[in-house]
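Engineer: Sequence:
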Amino acid sequence: MRAHYQKSGDEGNGFLHWWMDWYVLECRGCEHTFVQKCSTNSEDLRHFYNDAGEEDSELIETLSYWPAPSKRPKPEWLWDFGEGIADAHRLEQAIMEVYGALDADLPILAAIGMRTCFDVAAILLGIDDDLPFAKKLDELVQRKKIGGVDKDRLALLVDAGSASVHRGWRPKPKELDTLAEILEHFVFEAFVAPSRRSRLDAEAKKLEGNVPSRKGKKTKGDPL
Numbered sequence: 001m002r003a004h005y006q007k008s009g010d011e012g013n014g015f016l017h018w019w020m021d022w023y024v025l026e027c028r029g030c031e032h033t034f035v036q037k038c039s040t041n042s043e044d045l046r047h048f049y050n051d052a053g054e055e056d057s058e059l060i061e062t063l064s065y066w067p068a069p070s071k072r073p074k075p076e077w078l079w080d081f082g083e084g085i086a087d088a089h090r091l092e093q094a095i096m097e098v099y100g101a102l103d104a105d106l107p108i109l110a111a112i113g114m115r116t117c118f119d120v121a122a123i124l125l126g127i128d129d130d131l132p133f134a135k136k137l138d139e140l141v142q143r144k145k146i147g148g149v150d151k152d153r154l155a156l157l158v159d160a161g162s163a164s165v166h167r168g169w170r171p172k173p174k175e176l177d178t179l180a181e182i183l184e185h186f187v188f189e190a191f192v193a194p195s196r197r198s199r200l201d202a203e204a205k206k207l208e209g210n211v212p213s214r215k216g217k218k219t220k221g222d223p224l
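Each residue of the sequence shown is one higher than the last, beginning at 1 in my numbering.
Calculated directly from the structure, the hints in this document are not laboratory data. For glycine and all other residues, C-beta sits at the position ideal for the given N, C-alpha and C. Just to be clear, a hint being listed does not mean it is correct.
[Said to hold, decoys possible] Computed list of lysine-lysine pairs in DSSO-like fashion (alpha-carbon distance at most 30 Å, straight line):
id	residue 1	residue 2
1	K172	K74
2	K205	K145
3	K135	K151
4	K74	K145
5	K135	K172
6	K74	K174
7	K71	K174
8	K145	K135
9	K151	K74
10	K205	K215
11	K206	K145
12	K37	K7
13	K151	K174
14	K144	K205
15	K37	K74
16	K37	K71
17	K151	K172
18	K37	K174
19	K174	K135
20	K172	K71
21	K151	K71
22	K174	K145
[Unchecked claim] Derived Cβ-Cβ restraints for the label pairs, each shown as a range:
id	residue 1	residue 2	range
23	N50	G29	32 to 38 Å
24	K74	D51	43 to 49 Å
25	Y65	R143	42 to 48 Å
26	E26	D128	49 to 55 Å
27	H166	D128	20 to 26 Å
28	F34	D152	35 to 41 Å
29	K205	C38	56 to 62 Å
30	D152	E97	21 to 27 Å
31	D51	D103	37 to 43 Å
32	P75	L25	23 to 29 Å
Can you build the whole structure from these sequences, using the hints too?
Structural biologist: So this is what it looks like as structure tokens:
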């Protein structure tokens, strides 16, 4: 623990007592520093029987953290997927905001953000922004940017985002994981994999010139 601050008070002429503690904590392993807020009040009690069989109670503490703990690991390719792509920072920013919404337990915003990520990605892939979502998906298939299965998955992602926008749909954690998997797969296949293939082709060309060519097989009687 690096620092501690406490605040407390009473309400209702002393009927209710409340406490708030802030701790600046540091992980002993990775040295990551974060803030923990612990809040409780005299009305939030958990009743139970102690080891002696007697009725007992304890305060219920509510914990929150800043920055919020990561709910989903960011893919390792997130930091280099935009190489050679104009305006790739727009998609990177949109994706990072999705992870921020996931970490902050904001599922509706996360689902909406994933739909926005698809929109931005489609623009970067040369699709007209004025087209409706269904037409955008058709165009991506025609240009061989995605396959038929990808189209169905992305249609689901777009529908989920639209449901959150227009009907306030709140996806469950498992549903959010599935939507995030769909988005990550799409971005990887459309942007990361082609970029990595190009880099690998270039490195292979360099290597080709450095590998000694195979000499002709020696026949019997040839000098050593």
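Engineer: For each hint, tell me whether it holds in the structure or not.
Structural biologist: Quick rundown of the hints versus the structure:
With a C-alpha separation of about 19 Å, the suggested pair K172 and K74 falls inside the 30 Å cut-off, and the hint holds. Between K205 and K145, the direct Cα distance comes to roughly 26 Å. Compliance with the 30 Å bound is thereby established for this hinted pair. Using a Cα cut-off of 30 Å, the hinted pair K135 and K151 holds, with the two alpha carbons roughly 11 Å apart. Of the pairs offered as hints, the one joining K74 and K145 holds, with about 23 Å between alpha carbons and a cut-off of 30 Å not exceeded.
A threshold of 30 Å between alpha carbons decides the hint, and for K135 with K172 the separation of about 29 Å falls inside it, so the pair holds. Annotation: proposed proximity of K74 to K174 holds, straight-line Cα distance about 17 Å (limit 30 Å). Between K71 and K174 the alpha-carbon distance is near 12 Å, which keeps this suggested pair within the 30 Å criterion. For the suggested pair K145 and K135, the alpha carbons sit about 14 Å apart, so the restraint of at most 30 Å is met.
For the hint pairing K151 with K74, the CA-to-CA distance comes to about 23 Å; that is within 30 Å, so the pair holds. Taken as a hint, the K205 and K215 pair is honoured in the structure, with Cα atoms around 20 Å apart against an allowance of 30 Å. Taking the CA atoms of K206 and K145, the gap is about 28 Å. The hint holds against a cut of 30 Å. With a C-alpha separation of about 11 Å, the suggested pair K37 and K7 falls inside the 30 Å cut-off, and the hint holds.
Between K151 and K174, the direct Cα distance comes to roughly 21 Å. Compliance with the 30 Å bound is thereby established for this hinted pair. Only pairs whose Cα atoms come within 30 Å are accepted, and K144 paired with K205 is accepted, the gap being roughly 26 Å. Our distance criterion of 30 Å between C-alpha atoms is met by K37 and K74, whose separation comes to about 25 Å. Among the hinted pairs, K37 with K71 is consistent with the structure: their alpha-carbon atoms are about 18 Å apart, no more than 30 Å.
Restraint check for K151 and K172: the C-alpha separation of about 23 Å stays at or below 30 Å, so the hint holds. This hinted pair checks out: K37 and K174 have alpha carbons roughly 27 Å apart, not beyond 30 Å. A threshold of 30 Å between alpha carbons decides the hint, and for K174 with K135 the separation of about 29 Å falls inside it, so the pair holds. Annotation: proposed proximity of K172 to K71 holds, straight-line Cα distance about 13 Å (limit 30 Å).
At roughly 27 Å between alpha-carbon atoms, K151 and K71 fall within 30 Å of each other, so this suggested pair holds. Between K174 and K145, the direct Cα distance comes to roughly 27 Å. Compliance with the 30 Å bound is thereby established for this hinted pair. A hinted range of 32 to 38 Å holds for the C-beta pair N50 and G29, which are about 35 Å apart. Between K74 and D51 the beta carbons are some 45 Å apart, a value that agrees with the proposed interval 43 to 49 Å.
For the pair Y65 and R143, the beta carbons lie near 43 Å from each other, so the given range of 42 to 48 Å is met. In this structure, E26 and D128 meet the distance hint of 49 to 55 Å, their C-beta atoms being roughly 50 Å apart. The beta-carbon spacing between H166 and D128, approximately 23 Å, falls within the hinted interval of 20 to 26 Å. Look at F34 against D152: about 40 Å separates their beta carbons, and that is inside 35 to 41 Å.
Distance hint for K205 and C38: a CB-CB separation of about 59 Å, consistent with the stated range 56 to 62 Å. Between D152 and E97 the C-beta distance comes to about 26 Å, which sits within the given range of 21 to 27 Å. Look at D51 against D103: about 39 Å separates their beta carbons, and that is inside 37 to 43 Å. For P75 paired with L25, a C-beta distance near 27 Å keeps the hint of 23 to 29 Å intact.
Hint compliance for this structure: no hint is broken.
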